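Top to bottom, those sequences are chains S and Z. Per this note's numbering: the first sequence ends with 165, consecutive numbering throughout. Per this note's numbering: the second sequence ends with 102, consecutive numbering throughout.
Hints were generated in silico from the structure; no laboratory data involved. Possibly wrong hints are sitting among the right ones.
[Said to hold, decoys possible] Cross-link-like lysine-lysine pairs, in silico, DSS-like; alpha carbons within 27 Å at most:
(1) 155(S) x 86(Z)
(2) 74(Z) x 98(Z)
(3) 98(Z) x 71(Z)
(4) 142(S) x 102(S)
(5) 86(Z) x 102(Z)
(6) 71(Z) x 102(Z)
(7) 155(S) x 142(S)
(8) 142(S) x 71(Z)
(9) 86(Z) x 142(S)
(10) 142(S) x 74(S)
(11) 98(Z) x 155(S)
(12) 102(Z) x 76(Z)
(13) 71(Z) x 86(Z)
(14) 76(Z) x 86(Z)
(15) 142(S) x 76(Z)
(16) 102(S) x 76(Z)
(17) 98(Z) x 86(Z)
In this text, all values refer to a predicted model and were calculated from it rather than measured experimentally.
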Amino acid sequence: MMEYSWSDLHIGLSHGFDAAFSSQDASTFAALSGDTNPLHVDTDYALKAGFPGPVIFGMLTSSLYSRLVGVYLPGKFALLQGMDINFISPCYAGDLLHVAGEVVFLSDAFRRLEIKASIRKDDGPLVSKALIRVGLHGN
Amino acid sequence: MASILEELQSIFRDVLDQPDLILTRESNASNVDDWDSLAHINLVTSIEKHYKIKFALGELQELKNVGDMIDLIEAKLAAK
Chain S
27 MMEYSWSDLH IGLSHGFDAA FSSQDASTFA ALSGDTNPLH VDTDYALKAG
77 FPGPVIFGML TSSLYSRLVG VYLPGKFALL QGMDINFISP CYAGDLLHVA
127 GEVVFLSDAF RRLEIKASIR KDDGPLVSKA LIRVGLHGN
Chain Z
23 MASILEELQS IFRDVLDQPD LILTRESNAS NVDDWDSLAH INLVTSIEKH
73 YKIKFALGEL QELKNVGDMI DLIEAKLAAK
């Protein structure tokens, strides 16, 4: 886990990592969130709806933005204060996802940073992009 | 050209999601709905980006209302 303090941060600082979700992860998310929409958990329904399989929940893939902030950028001292997310294209169980984020704005007054982030499939398509607002605690 | 008050009103309407908000020099966190501490951070950073200026925390702590903010913005723009 990274432990960036405010003085360590600068425009352009970036981090990334890879992740993937299974169909079991989607079922667990459905149980935890209560979102049982069949597009995400019912293969037959997803196929009939014109998708190659159940679509991984957008909010499940977006949980990777939480990991980006809480573990990498800035890491331990993060206070997630908000984010704007645009979902671009669906992803499916087993897809390898590349998560990337870069510091694009720093405000000294309240130690607020903004991160431009994206989740992209291994073969190229953009899954989502986000602008994430983060504060720091404790240092 | 829009006045700073008009520009701030547009920023406040967007950040606070209040499309009909009327801002005056006397507006402050006590008389504007939902202007809480996190909204304040969002407002200040939006203003910094809009005018391409930076505030120090001490400067912000001295502000009593939007009128004071306008005066501070004008001073910073004049000093650029």
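Hint check:
Taken as a hint, the residue 155(S) and residue 86(Z) pair is broken in the structure, with Cα atoms around 37 Å apart against an allowance of 27 Å. Taking the CA atoms of residue 74(Z) and residue 98(Z), the gap is near 10 Å; set against the 27 Å cutoff, the hint holds. The straight-line distance between the Cα atoms of residue 98(Z) and residue 71(Z) is roughly 13 Å, inside the 27 Å bound, and the hint therefore holds. Simply put, residue 142(S) and residue 102(S) have alpha-carbon atoms about 19 Å apart, close enough for the 27 Å limit, and the pair holds.
Between residue 86(Z) and residue 102(Z) the CA atoms are separated by roughly 24 Å; this keeps the pair inside 27 Å, and the hint holds. Using a Cα cut-off of 27 Å, the hinted pair residue 71(Z) and residue 102(Z) holds, with the two alpha carbons roughly 14 Å apart. Pair hint residue 155(S) plus residue 142(S) holds up; C-alpha atoms about 8 Å apart against a cutoff of 27 Å. Our distance criterion of 27 Å between C-alpha atoms is met by residue 142(S) and residue 71(Z), whose separation comes to about 15 Å.
At most 27 Å may separate the alpha-carbon atoms for a hinted pair to count; residue 86(Z) and residue 142(S) exceed this at roughly 33 Å. In summary, the hint linking residue 142(S) to residue 74(S) is not supported, as the alpha carbons are separated by about 35 Å, beyond the 27 Å threshold. For the hint pairing residue 98(Z) with residue 155(S), the CA-to-CA distance comes to about 33 Å; that exceeds 27 Å, so the pair is violated. Between residue 102(Z) and residue 76(Z) the alpha-carbon distance is near 11 Å, which keeps this suggested pair within the 27 Å criterion.
Straight-line distance between C-alpha atoms of residue 71(Z) and residue 86(Z) comes to about 21 Å, which keeps the hinted pair within the 27 Å bound. Taking the CA atoms of residue 76(Z) and residue 86(Z), the gap is near 18 Å; set against the 27 Å cutoff, the hint holds. A hinted pair counts as satisfied when its Cα atoms are at most 27 Å apart, and residue 142(S) with residue 76(Z) qualifies at roughly 20 Å. Proximity of residue 102(S) to residue 76(Z) is assessed by CA-CA distance (about 26 Å); at most 27 Å being required, the pair is judged to hold.
For a cut-off of 27 Å, the pair hint linking residue 98(Z) to residue 86(Z) stands: about 17 Å separates their Cα positions.
In summary, the numbered hints that this structure violates are 1, 9, 10 and 11.
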